[in-house]
Amino acid sequence: MLDHRASPGLTPEESVSLGYGVSASGEKLYEAKTNHCSHCGTVVIMNPQRTRERSFCQACSKYICDNCGVSMKLPDYVHKTYTQQQEEDLFLLSTP
Amino acid sequence: MAKRTFATSGLTFGTVNLGSAPVTSQYMAMVGSSTTQVTDINEILISGTASASTIGAFTWAPISVAQTGGASALASPNSDGPMQSNATPVANSVFVAAVTTQPTVSAGITASRINLGLNTFGGIIRWNAAPTQQYTLIGNAVFAAGTPVTFGQAILVNMTQGTGASTTANVHIIYEPY
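Chains as they are written, first to last, in our numbering: chain A, 859 to 954; chain B, 35 to 212.
Treat the hints with care, as some may be off.
Some chain B residues near chain A, calculated using beta-carbon distances under 7 Å [claimed, not checked]:
1) 37
2) 69
3) 88
4) 89
In short, the hints are calculated from the structure, not lab data.
Each residue gets a CB set at the ideal place from its N, CA and C atoms; glycine is no exception.
Please model the entire structure based on the sequences and the hints provided.
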């Protein structure tokens, strides 16, 4: 939630520069859906004007970000969700 | 095991380049309490308090080089406490200043950052994680790229990148160590 109702808000250029896209510019309340990449954990603001296909992992049946979407197409790719990485990390940390 | 709020009031957030350390008392940092501590970041709210139109390119990012000399204790009006009375006291190290050198903001291209830019002249931004979509720290080590990517320290700063300029704001971060 980005509330600029009591503020001059962002110019379209500033809005793009900050990574929101032009729809967040102006003196208004801007709310955006975000998604969590199932593979790397990053939070992505969904662009409502996007027409290209979004990446999706059929193995975990969840949204993944564009970067992970590209990685997933590489021949040596090993599928591992963010949760699996966290569990492995915790296991490594707790193993003396 | 309870949600906690790390809050600051009236801090000046000078701008900092990714890969550099911010100036003391111009950031909000968090470090896990142990090597196996899991911490969910559930919400970040920033209320801009600038007296003229100023873009704050705030970002929540992993720390790549830890502070040195130890973290300085918070001073009023800044605070960190449980959101539930009589909660079990599991607390991460939270600070806005370190004794010797300040923590470095990761510039890693695989570092997950949350974009929290706004016009701090009256603007408010609130990022609230949906269930399972929290930003999660594990352990208390700095960011390490690779497989898996690991990070147990994170920091809120105003980036130079993204048209950020030095500004003031009141902030709270709701988190849950467990």
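Verification of the hints:
For residue 37(B), the shortest C-beta to C-beta distance to chain A is roughly 19 Å, which exceeds 7 Å, and the interface hint is violated. Against a cut-off of 7 Å between C-beta atoms, the interface hint on residue 69(B) holds, since the closest Cβ of chain A lies about 5 Å away. Annotation: residue 88(B) was flagged as interfacial toward chain A, and the flag is violated, the nearest CB pair being 10 Å apart, outside 7 Å. Restraint check, residue 89(B) versus chain A: the minimum CB separation of about 6 Å is within 7 Å; hint holds.
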